[in-house]
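**Student:** Below, each chain spelled out in residue letters.
There are 2 protein chains.
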Amino acid sequence: MGKIEGTMPTLLILSKEASTYRALIESANLPDLTILEQASETCEIILGEPSHIGEIFGQFPALKWVQSTWAGVEPLLNPSLRRDYILTNARGVFGGLMSEFVFGYLLAHERKIFQRAEAQKNREWDKALTGTLHGKTIGLLGVGSIGAEVARAAKFFGMTVRGFTLASRASEYVDKYYHTDKLMEFAQGLDYLVSILPNTKETQKVVNADLLKQLPSHAIFINAGRGSAVDESALIEALENDKLAGAVLDVFEQEPLPKEHPFWVTKNLTMTFHTSAPSFPKDIARVFIENYQMYVERKPLKYVVDFEKGY
Amino acid sequence: MGKIEGTMPTLLILSKEASTYRALIESANLPDLTILEQASETCEIILGEPSHIGEIFGQFPALKWVQSTWAGVEPLLNPSLRRDYILTNARGVFGGLMSEFVFGYLLAHERKIFQRAEAQKNREWDKALTGTLHGKTIGLLGVGSIGAEVARAAKFFGMTVRGFTLASRASEYVDKYYHTDKLMEFAQGLDYLVSILPNTKETQKVVNADLLKQLPSHAIFINAGRGSAVDESALIEALENDKLAGAVLDVFEQEPLPKEHPFWVTKNLTMTFHTSAPSFPKDIARVFIENYQMYVERKPLKYVVDFEKGY
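Residue numbers (our numbering), protein chains in the order written: chain W, 1 to 311; chain G, 1001 to 1311.
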């Protein structure tokens, strides 16, 4: 009785999964936390999708901390928006899902899953030899917490792993790291190229004609990072002219992809729909709960975003 | 220079990949080995496909050892055929390939790979939530060297693993083993059921109506062992009535599957064509070379088949 005002943090949930998040957080019985029923001046913490938050968070003078339910926080990075709060994103929860995405599609390719489905339709006993991941070389553009999990899965399947990063060498599952001006060397002769790059100034159109030229014609490119990392015209040119065996794109410069975009019918291009690593509330609530404990104990939060770097 | 006769083993290769096997084995410079150009009375060792061997190996009085290029040796198990030689099969080389097959198709299911391909054709931005392997329960019917590799991959993806075997408990990646009269208990509530059973007296129609009834309607069944382990009518009944979400069959009672067989068009049934774990000559040659070293040193060979058990 008689709690001092200011020690009772208030949380606003701005998410299309708000009721699920509320239930998960309430069940954790966090100390002193009040979950707001609706937007209020007193709001100190926001949990939610960056797209929802950016529209209204200018109204909250007491705002101290925003926990994003996504890994990507582009909607909050516009320099015209406030930066007088701590922004944390969701990390450590997408790596396993992303591995399932990447290896699901690489195996679909090696196992000729679409070709065999077509054979079944035609009642043909298709003995075409299957390929294997074992012994192949994969290159990861970007090796953060997600890339590290993809690298671990690649090692599990007996592959050689190259990593391209600005400077970091955090994963032990990467056989060789490449930086800055070694991008072309990194790409030379890869069987599979996977981009997990965030959308930053440095990553614009990294996957362009020059880079694609380094890949052999049997190579597969997967983009599971952000669409801005790919020169879309260069990729179409490479695929239509069989300079590349296939591409799997989960992200695009514009999403949803416009109906008239050539990607819908580009040769050997497989689309998914920004569905590679969804934010499951039970995973994201765990991140929030862990960070909230740090917050009330006035310890540094985990997964703090650098507004300048953009991740 | 005066070698004693009988110390120069002769090898006959009976395989559709004979020239590849010859090159691989010649390059290993095995001690004292003569590779025969054609079938001959002197033949002491045969390397090849059981289907080829069974037809002519009655003609070789000096035959001592047959190395099969396959895991399955049914064509050599007919009681009317000779058994006065050592039969070894190929093991330790199919586990990785079989894992790629099983997890390729499980991921295709969870990731809705066919559904999303259809959406792309229709220019639909399909945000349907993806599933995940993580946290699911898989049951392996048969846990030999292949099953152990599938179990290891299941653990990598964060799954719970049950194993059904006659008595063995060889893999540390199986969380719980079941035997003999515990088959129904083993199957209860599985998300995925995978058969890797060989064709033996004990395995006939193990996957029948009673067993399929134990599975929830969201379950997937994969048969990568032998077709004889499945009651085909019971499986069709379960799939057509949505008692099972899907099946992936690589093996059948009759292969190639007859054109008029109902499997070609059974609801939610995906066929492959005995292509799950091919015998790559470089892998099988390694098995032969290793066993040949044992043979000339008169040590026990690896992977000896028990004619009674059938594996």
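The hints are simulated quantities; they were obtained by calculation from the structure and are not laboratory data.
Where hints are given, some of them may not hold.
If you only want the chain W side, here are some residues facing chain G, beta carbon under 7 Å, derived [unchecked claim]: (1) ARG111; (2) ASN122; (3) TRP125.
Keep in mind it's a predicted model, so treat the numbers as computed, not measured.
All residues carry an ideal CB built from backbone N, CA and C; glycine is no exception.
**Student:** Taking the hints in turn, state whether each one holds.
**Tutor:** How the hints compare with the structure:
| no. | hint | verdict |
| --- | --- | --- |
| 1 | ARG111 | holds (5 Å) |
| 2 | ASN122 | violated (9 Å) |
| 3 | TRP125 | holds (4 Å) |
The structure shown violates just one earlier hint, number 2.
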